[in-house]
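Asker: Below are the chains, spelled out letter by letter.
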Amino acid sequence: MARFRVSMDIGGTFTDVIGYDEATGRYLVGKSSTTPDDLTDGVLTALASLVDSPGDISFTVHGTTQGLNAFLERRGVKVLLLASAGAGDTYHIARGPRTRLYDLHFRKPEPLVPLRDILEIGGRFDAAGAELEPLDEDAVRRAAQVYRDGGFGAIAVAYLFSYLDPAHELRTREILLEELGPEVTISLSHEAAKEWREYERTSSAVVEAYTGPVVRRYLERLEANLTERGLSVPLHVMQSSGGILTAESARRRPLQTLLSGPVGGTMGGVELARQIGRPNLICVDMGGTSFDVSLVIDGQPDISPEAKIEGLPMLMSVVNIHTIGAGGGSVAWLEAGGLRVGPRSAGATPGPACYGRGGTEPTVTDANLVLGRIDPEWFAGGSVALDTAAATTAVSGLGEALGLDTVAMAEGICDVANAKMAQAIRTITVSRGIEPREFTLVAFGGAGPMHAVFLARELGIGEVVVPRFPGAFSAWGMLQTDIRKDFSDTYFFLDADLDPADMAARLAAMAEEGLASLAEEGVPEENRRVEHAVDIRYAAQEYTLTVPLEDAAEPAREGFVETIAKRFAQQHESRYGHANLGAPIEFVTLRTTAFGDLGRGAAEEIPAAAEGAGFPSRLREVVFDGAARPTLLVRREELAAGHDFEGPAIVMESTATTVVPPGYTVSVDPIGSLVVRAAGEENK
Amino acid sequence: MSQKVDPVVVEIIRNALAAAADDMNATLIRSAYTPIIYECGDCVVALLDDQHQVLGQSAGLPIFLGNLETCTKATEEQFGREVWRPGDVWILNDSYLGGTHLNDVTIFGPVFVDEELVGFTATRAHWIDVGSKDPGGSMDSVNIFQEGLRLGPQKLVEGGVDVPGVMSTIATNVRFPYQTSGDMHAMIATIKMGQARLEEIVRRWGLDTLRAARDEIFAQTEALEREVIAAIPDGVYTAEGCLDNDGIDLDTPVPVRLTITVSGSDIDFDVRDSADQTVGPVNCGVSQTVSACRVGYKLLVSPDVPGNGGSFRPMTVQVREGSVFGAVAPAACQWYFSHLGLLIDMVARALAPALPEKVAGASHGDSMIVLLAGRDPRTRRDYVSLEATLGGWGAWDGSDGETALINNVNGSLKDIPIEVFETRYPFRISTYEIRPDSGGAGRFRGGNGVVREYTALHDCTVSLWFERSTTPAWGLFGGHDAAPPEVVINPGREDERRLLKCNGLRLKAGDVIRCATGGGGGFGPPAERDPGAVRADVLDGQVSETRAKEVYAHA
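Going line by line, the protein sequences match chains V and E.
Reading the first sequence from the start, the letters are residues 1 to 684 in this note's numbering.
Reading the second sequence from the start, the letters are residues 1001 to 1555 in this note's numbering.
Everything labelled a hint here was simulated from the structure, so no lab data went into it.
Since the model is a prediction, treat every value here as computed from it, not as a measurement.
Mixed in with the good hints, there may be bad ones.
Unchecked claim - Derived DSSO-like pairs: lysine-lysine, alpha-carbon spacing no greater than 27 Å straight-line:
id, chain 1, residue 1, chain 2, residue 2
1, V, K108, E, K1414
2, V, K194, E, K1414
3, V, K108, V, K78
4, E, K1192, E, K1073
5, V, K108, V, K194
6, E, K1501, E, K1133
7, V, K308, V, K108
8, V, K308, E, K1414
9, E, K1358, V, K108
Work the whole structure out from these sequences, hints included.
Answerer: Here is the structure:
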């Protein structure tokens, strides 16, 4: 019987799967090694550890790094770019900023299409959307010939002002399909991103064309394999925006899946915020090489309308994730006689010294091992045996150079890494006008729970929550989201020139489009809803804030311009610390987001501890603040709701280790989260 | 005096000071009112110790490297050390003290912990208007009095309370008092945030530990820099170039001469032989000259090390009072960075023989400003558009130079997209393209400039500031020089005219302004260029076939 809701998160090393059993209300976790050559193998293996047959699956979603990997490794297809005459070079001019201030040898991010593969096509609209010059159809037909002769795999089309009138882009596609047949991949800029700024829109279309065929092939193959093995429900894919969509839609709009990897964790944070009644979270995900920070504010993910990968921009909704080069693999090294930790990482090969794969430089993982904070037998659920002697040799070598004994050196490496991560979190929150002390820290990923309490201590945060399945939290988060479709439309008006009725009519049309798209996603009518917002700024600013609207009809209501100006001012105040009510504002972009509820896994309560019943534990010496202390060692699966204990303590489970220093208490909440509080902090 | 301090603590303090500066910068960017600060990053922040040494800094523009300490120092020299009192905040924008134009306002204050002076925090930011004769600043000022309100060190806040009258005096002297007051308060909030961070660090670690760590951090930075300089053979290195003119007397070039002397791990920069201060506004104060030399130095010596009080210790700078680099009252300073940009490029030129693997050919060099103004017939509103234009950068050993990049002084500024420009202003941009053959040829080719062509859709005015035609971007080691900039009004028409600088030239509907910027210098002899690279350049349109045949005959 199909009763499992299943999510699959394909990481660089492991593929995590989580299943929610609709019959029993319980969650199951599975894992396998990622199989880079053909990801479907790893997915199927991981799946097999959870369900007998894909036929048992009632709903499924997965996060894929296929597109992103193709992009990062430059394994996408060869793209032919068609651009407006006179503006063909804008993709390479790339707006010209120097993002490194002191670099004589600065180069811009390498574009995905060389200049020789960009063809200029006659035809032009003006800023009012009026056609100045008709499309040069012969030039398009000649471009089709170039495509045929040049070994290309996709075409991107990006004309000036196509966000106002897409006629030339649409006609271009018609001609190309006529000339080249229905199988050719064509990405039109107004479909990839219906917003102004030709460079950013062109870049969006190019990335989509470049990665699209790779994502498409992968999704087709995975879906076919699963269907063959009995899957009878549509496969869904995580999007960069934190929502999901069907694989069928993702094949049409693959750009949206590009940054889906780490987003699951943030969406897990959103659901956790609801379940534990803490609307403001700082989510930290620490793995081997990077440390990802994201925010949940008032129960909502922090989403921005633009993203960059390796410097190339994409206009699409994306959950804001700040990545810092700090992880278990961060190397401690010497510079001019001083200690440095990171940003360089030992990576997976050679990896930390304790992996025994030839690494000799001490890393953060080695330091944790020397301090006794990692159990060598139980790292990654016992799948990797750690060499404590190698770690000790590496750490003590560095210690000698700095005049520190091995233990002081190991703790020093952790202290420096923790201080850097904490400062990075602080700068991120300061720039958003947020006080981190008022937030709860949520830690997941393999190394996150090992460092989280130290970060909280640095930041003055009183409460740390380590959710169940911290190593598979991203996968868990994917089960907690909606179908999401984003629509945007450039709508540039000064407040004085706005026709509110026209704005309402445009929004109504977008609402209709949004709801129709949910029907295509298979969302039942009663579970469809749309939200609207408008990007606004003060006249002459470049950057905008996305201001929510009550509904599509709001602009038509009495006093709209004043109401929205006030709402914008409030948002500006909280984001930038000031506002300028009464100053002219500009409307820039209309946004409609369609959400479809396909149900989700319910919160699972874990068994409660019997009155007065304890849990098995043992003691081991672990170093905290310079001294080895008898420390409580607990297996997470032995804990029941209501259990509590004091640090120093270490909680081990197959996917992560939680380190609790002295002065903190741990309690297990009804849904199995470890809630760590500074001694004396009251339960909020 | 210095106790031995735990290396772990040193590293934590080093990161904490750098992060405190980042937090100050984030606060300023977050709370500033005007886009020139929060979008263009025309600002800088720093934490200083009680001896005016930099503990941490964060700059939005390269040219703002390390000249905030001169402001606290000058104030102390003028009024004595007793002048510092808890809760005070100071302001200053005197060009001859701060070094830049009057628009760059510095706000700073002392930091006290338990009644002991432990340091200072400071920030400088560009104010959109300080009451000069033309809105936003003039292109043709001939003395400082035309350039706006000029403040020596002046208390803005005393013991936490606004000094009566000062803020209103400022407000009555500037054109946009509301935004200006907003930016001023953002700057005050910034230095207060820095004060809180520095106080936290002092309280957590204690002043003695902080000072011992500071000495160790400075020693590390100095050691890293001295290592690089010691590797440069001792000797005298020179470079020379010219600004086209000072913007007033268009026929007289303004020479800039740099002599660098390396001796052991010390390095001296001497610009005393450069031009006398000019009538036009291409002058600056000494401290900005020091900053420019520091930028030139940092590009070669320590690009990745965060600046602190240990930076630049091996370096001295010699400036002549009364020259363009050591302007005295009443020299006009509005356009203070054109000769500084040239000076920065010349550091790499002078040191090229000693550091062939680190230098690069020169860049196009200046902001290449196009200022268009008029009344938009679509909205019947007045508009002013001010744009810097991208150009080419120099090649180096191992790579071609970058094409279409903002100049050194403007940091991470972006161009304005055609779609945004045409929506905002009544013009058509008919062409925006790479300018082929504008980069200098070489084994590695200089990057190309751009061509941006505007057609006026109604009557309007244009002002231009294009530089570096007398000294276009030079090549190195046999690499060719780049093409100079070129602006043509109405190309191919009977009334065609060429010019590079002008103020308020009238245009009629249908008139065309074709702006072409220069490229970057080449590196190494063109005859050694990889033939495959030549063919690729021709395919990509970066180099024309004619030019390829001419200079790359081997390919």
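Asker: Against each hint, give a clear statement of whether it holds in the structure.
Answerer: Verification of the supplied hints:
1. For the suggested pair V/K108 and E/K1414, the alpha carbons sit about 13 Å apart, so the restraint of at most 27 Å is met.
2. Note on V/K194 and E/K1414: the hinted pairing holds, with a Cα-Cα distance of about 21 Å set against a maximum of 27 Å.
3. At roughly 20 Å between alpha-carbon atoms, V/K108 and V/K78 fall within 27 Å of each other, so this suggested pair holds.
4. Note on E/K1192 and E/K1073: the hinted pairing holds, with a Cα-Cα distance of about 19 Å set against a maximum of 27 Å.
5. Taken as a hint, the V/K108 and V/K194 pair is honoured in the structure, with Cα atoms around 25 Å apart against an allowance of 27 Å.
6. For a cut-off of 27 Å, the pair hint linking E/K1501 to E/K1133 stands: about 19 Å separates their Cα positions.
7. At most 27 Å may separate the alpha-carbon atoms for a hinted pair to count; V/K308 and V/K108 meet this at roughly 13 Å.
8. For the proposed pair V/K308 and E/K1414, the alpha carbon gap of about 15 Å is at most 27 Å, so the pair holds.
9. Of the supplied pair hints, the one linking E/K1358 and V/K108 holds, its CA atoms being roughly 18 Å apart against a limit of 27 Å.
In summary, this structure violates none of the numbered hints.
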